[in-house]
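Novice: Below, each chain spelled out in residue letters.
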Amino acid sequence: MASIVGVKFPTPDQVAGRDRLRKRASLAYEGWLWIIGITISIAILALILTIAAKGLPAMSWEFLSAAPKEGMKEGGIWPMLRGSILLMAGTLIIVLPVGVFGGIFLSEYAGTSRFAYTVRACVVALAGTPSVIYGLFGLAVFVLLLTKHTSLVAGWLTLAMFALPVIVLTTESAIKSVPESFVEAGVSLGMSKWQVIRRVVLPSAIPGIVTGVVLSTGRAAGEAPPILLTAGIYYSTAQLSFDFEMLKKPVANLPYHLAEGYRQGSVIPEKIIWGTCLTLMLLVLLINLAAIIVRAKARRKQTW
Amino acid sequence: MKRNRLRELPAVALVYFSGALILLVVVAIFYYLAHEARYAFDRPFPYGYRFSLQPPVLEPDPYTGEIVDDLTVDPNASLLAANFEGEDGVDDKEQSAPMPTLAELEGYHPFGTGSAVIATLEDVNLDGLYRDNWKKAKPASQGDSFYLFAFATPEYDKPTMKLAWGPDAAFSAKDCPYDIRLRLVRAPEGVELDPFDIDLVKHEQGAIELPAWIAKTDADRTSGYVFEMIATPTKSNFVATIIGFFKTDWAPTLQYPRYGFVPLLLSTMLMSFVALLIAVPIGLACATYLAEIAPVRVREWLKPIIEMLASIPTVVLGYFGLMIVAPGIVKVFSESLGMTSGRSFVTASLVLAFLLLPTIISIGEDALRAVPNLMREGASALGFTTRETIKKVVMPTARAGIVATVLLGFARAIGETMIIWILSGGTAVMPSANPIKTLAAPTRGMTDTIAIEMGNVEFEGAHYGHLFMIGLALFLVTLVINLAGYAYGRKRKWLAS
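For the protein sequence lines, the chains are L and S, in the order given. Taking the working numbering, the leading residue of the first sequence gets 736, the next gets one more, and so forth. Taking the working numbering, the leading residue of the second sequence gets 32, the next gets one more, and so forth.
Just so you know, the hints here were simulated from the structure itself, not pulled from any lab data. Being a predicted model, the structure only gives us computed values, none of them experimental. One thing to keep in mind: the hints can contain errors.
Claimed, not checked - Straight line, CA to CA, 27 angstroms or less: simulated DSSO-like cross-link-like pairs of lysine-lysine:
(1) 193(S) x 233(S)
(2) 808(L) x 883(L)
(3) 983(L) x 804(L)
(4) 266(S) x 193(S)
(5) 789(L) x 334(S)
(6) 743(L) x 423(S)
(7) 758(L) x 362(S)
(8) 247(S) x 205(S)
(9) 911(L) x 1036(L)
(10) 758(L) x 169(S)
(11) 928(L) x 911(L)
(12) 189(S) x 247(S)
(13) 804(L) x 928(L)
(14) 334(S) x 423(S)
(15) 334(S) x 422(S)
(16) 266(S) x 247(S)
(17) 789(L) x 804(L)
(18) 278(S) x 247(S)
(19) 193(S) x 169(S)
(20) 1006(L) x 808(L)
(21) 1006(L) x 233(S)
(22) 1032(L) x 334(S)
(23) 1036(L) x 334(S)
(24) 233(S) x 169(S)
(25) 233(S) x 278(S)
(26) 911(L) x 247(S)
(27) 362(S) x 789(L)
What the hints assert, rightly or not - Partial selection, computed: residues in chain S whose CB lies under 8 angstroms from chain L:
(28) 72
(29) 229
(30) 232
(31) 333
(32) 355
(33) 413
(34) 448
(35) 453
(36) 488
Said to hold, decoys possible - Non-contacting residues of chain L with respect to chain S, defined by C-beta distances greater than 10 angstroms in every case (computed):
(37) 744
(38) 824
(39) 825
(40) 939
Just so you know, even glycine gets a beta-carbon here, dropped at the ideal spot from N, CA and C.
Next up, chain L with everything else stripped away, as it sits in the complex (with noise of 0.2 angstroms):
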């Protein structure tokens, strides 16, 4: 009791000055907040803009559809841009459904045994994995063990391995956001697990699955180190033959032509290489701009 002799209790002047002080900090620190989010948002605007700026000069039908000319001094970049939808595809179409089927077990069959918490530790572990781990690999195993040289399939492979954790824990969290009364719904209909998986769930989480596979493979395409190790040249002025040849031969593509522009110095003109820079950020941004306006009308269309 002796204690609290010794307390002085602030007079409700004090106190109003107090929380004057508290309300002035708390509003410069939200003015602190409010700059830091404009500027860093105007920063990567500013960023985007300087590329297409610098990337737009070169731009034109020509250089978007001719082969390179006179050493890449001229002439267009169709090849490597080729390359990279080609690369895109291929990979699209190996990650997909075992991304899919993937994420399906991670959220549907799983459960929380301690297989299952593996499982996802490893996914996790893969979605933080260096690209050029993933360059590695493929290197060791899909070029030197596989096909003996750099080509389109050990890039695919590579490139699905590398698409593939993202592709998982998007799938899983899409299925995850179907609420769970769809799926009693379900069951008390009498359907069996897989059928309640098939006709229900995967419907609804279809536009957060699209979402996930197209924006990692999106940045699969933009990726150079993985190719840079298995599936690149440097440039090509070939026609492209459809044919079984094309899948042992390596290919052309965007990030590996500005990677080994880089390396080989100054042979290609900086106003070129702004427009390749441009056309690869373009084409990644486009893919990413389709994903999200399928999430959007998605979620119009959503009803819970």
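Add chain S to chain L, keeping to what the hints say.
Specialist: Just chain S, lined up with the frame of chain L:
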């Protein structure tokens, strides 16, 4: 019912298969990285010493008039080494320089020469002796020995001569898993000399004075002094490779290659750390803004912009850094830091920080949003201001999630390749103790070393194996960081529920 089950079986099997496949992928990555890294352990350990027989006081060369005191350029020096056949680079005499006859040596200094390993000294065949002796490099488990024959030419007039030795150009005995010794095998008739045995690793450079001995005929050339250089392994090849891997210089293409990856590891870690120092405060502030303060409408606009940055290919960011950021850095720091090229530690870290921003913002925002609203409402009911709510309630509750954010950002930074390749400048050196010097200097990380050097490496060779060792180290480091981040993230969910 049963028929339905059967029909579903393939689908369900596929689901389990996919789950197992993910596990398999991790195991396979481990296995194959280690599998290819084994080539590092076939690493040959070359060593090389140069020996020269000289007058006690160096005289100018009778033809060029120069005094040559550097054994690596002395034309009379014999190179005794175990090294790559024909891949000398210093001189290419090893194939076609038989031991000169006395007539050919007229006017030269006293002379010594080396020879290949021979069973006994009696078997020496004069035609089979060569001035330089280069042999195929051997793993550390196999030693080697070389004989050296020393004699003076008839016109030599001094009472003594000197046997000098020194390491070959870039060879350093300190990094070498051998015990290398020089000993006297046989003194010529009529010369009294105590036998000696010199440790060449301790005394990398030196000379020993001998009574002069003159070869009168060509046949006498091998009956003079005979020395032996013996290399005996001190460590197994495995241990020597591991020790070499943890040394501090990376020079894989040298004649005596060095595969110490510590500078690469340190550079990667430091660059990521500096990038985090920049990106974490800004990114978390931005995440707080998005999660706690920004009105819904503003957030709906800002989030896609930030996500857009996340989707820009890193090679494009690298070029942006090279052509926009690097010249700017040079302009700002050229005077104060003495920078000449914009491609340096600081440029790479800056652009890396920019790359990390979207990752940190979006994971950090998730972490903050996972804090239940009840807590904010409770704080508000107690009369907390916004700042106090965030600092005293939201942040401490979300601490685990924030730690996870930082860890995942760190793993992302360590694994980034293209930005570091294009912007770091590509010189593999140890970071200096002076932080400003380190910031201004060009450097090189693990990822870009793999990406750059894998392009021109001999597949399934020692260099190739060491690149896979780096890959394995990188994989382990990111694995640990990611799993730690994952574990922290799970804690957050438990807190929130």
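Novice: Next step is simple, just say for each hint if it's right about the structure.
Specialist: Taking the hints in turn, this is what the structure says about them:
1. 193(S) x 233(S): 19 angstroms, holds
2. 808(L) x 883(L): 32 angstroms, violated
3. 983(L) x 804(L): 25 angstroms, holds
4. 266(S) x 193(S): Violated, at about 33 angstroms.
5. 789(L) x 334(S): Judged against 27 angstroms, a Cα distance of about 25 angstroms means the pair holds.
6. 743(L) x 423(S): Holds: residue 743(L) and residue 423(S) sit about 25 angstroms apart, inside 27 angstroms.
7. 758(L) x 362(S): The given pair, whose Cα atoms are some 43 angstroms apart, is violated under the 27 angstroms limit.
8. 247(S) x 205(S): Not OK: residue 247(S) and residue 205(S) at ~40 angstroms, beyond 27 angstroms, violated.
9. 911(L) x 1036(L): 18 angstroms, holds
10. 758(L) x 169(S): 75 angstroms, violated
11. 928(L) x 911(L): 15 angstroms, holds
12. 189(S) x 247(S): Roughly 15 angstroms between the alpha carbons, so the hint for residue 189(S) and residue 247(S) holds.
13. 804(L) x 928(L): Not OK: residue 804(L) and residue 928(L) at ~59 angstroms, beyond 27 angstroms, violated.
14. 334(S) x 423(S): 26 angstroms, holds
15. 334(S) x 422(S): The given pair, whose Cα atoms are some 23 angstroms apart, holds under the 27 angstroms limit.
16. 266(S) x 247(S): 44 angstroms, violated
17. 789(L) x 804(L): 21 angstroms, holds
18. 278(S) x 247(S): Given pair residue 278(S), residue 247(S) is violated - Cα atoms ~50 angstroms apart, limit 27 angstroms.
19. 193(S) x 169(S): Violated: residue 193(S) and residue 169(S) sit about 30 angstroms apart, past 27 angstroms.
20. 1006(L) x 808(L): 10 angstroms, holds
21. 1006(L) x 233(S): Answer violated: residue 1006(L) to residue 233(S) is near 58 angstroms, above 27 angstroms.
22. 1032(L) x 334(S): At roughly 18 angstroms apart (the allowed maximum being 27 angstroms), residue 334(S) and residue 1032(L) satisfy the hint.
23. 1036(L) x 334(S): 22 angstroms, holds
24. 233(S) x 169(S): Given that 27 angstroms is the threshold and the Cα spacing comes to 22 angstroms, the pair holds.
25. 233(S) x 278(S): At roughly 19 angstroms apart (the allowed maximum being 27 angstroms), residue 278(S) and residue 233(S) satisfy the hint.
26. 911(L) x 247(S): Distance ~96 angstroms between residue 911(L) and residue 247(S) Cα, so the pair is violated.
27. 362(S) x 789(L): 21 angstroms, holds
28. 72: Given a least distance of 16 angstroms, the restraint on residue 72(S) is violated.
29. 229: 45 angstroms, violated
30. 232: Because about 36 angstroms separates residue 232(S) from the closest Cβ in chain L, which is outside the 8 angstroms limit, the hint is violated.
31. 333: Constraint on residue 333(S) satisfied, holds at 5 angstroms.
32. 355: Holds: closest Cβ of chain L sits about 7 angstroms from residue 355(S), inside 8 angstroms.
33. 413: 12 angstroms, violated
34. 448: With a minimum Cβ separation of about 4 angstroms from chain L (threshold 8 angstroms), the hint on residue 448(S) holds.
35. 453: At 6 angstroms from the nearest chain L Cβ, residue 453(S) passes the 8 angstroms test, so the hint holds.
36. 488: With a closest approach of 10 angstroms, the residue 488(S) hint is violated.
37. 744: Residue 744(L) clear of chain S: closest Cβ-Cβ about 17 angstroms, beyond 10 angstroms.
38. 824: Fine: 17 angstroms to the nearest Cβ keeps residue 824(L) off the interface.
39. 825: 18 angstroms, holds
40. 939: At about 18 angstroms from chain S, residue 939(L) clears the 10 angstroms cut-off, so the statement holds.
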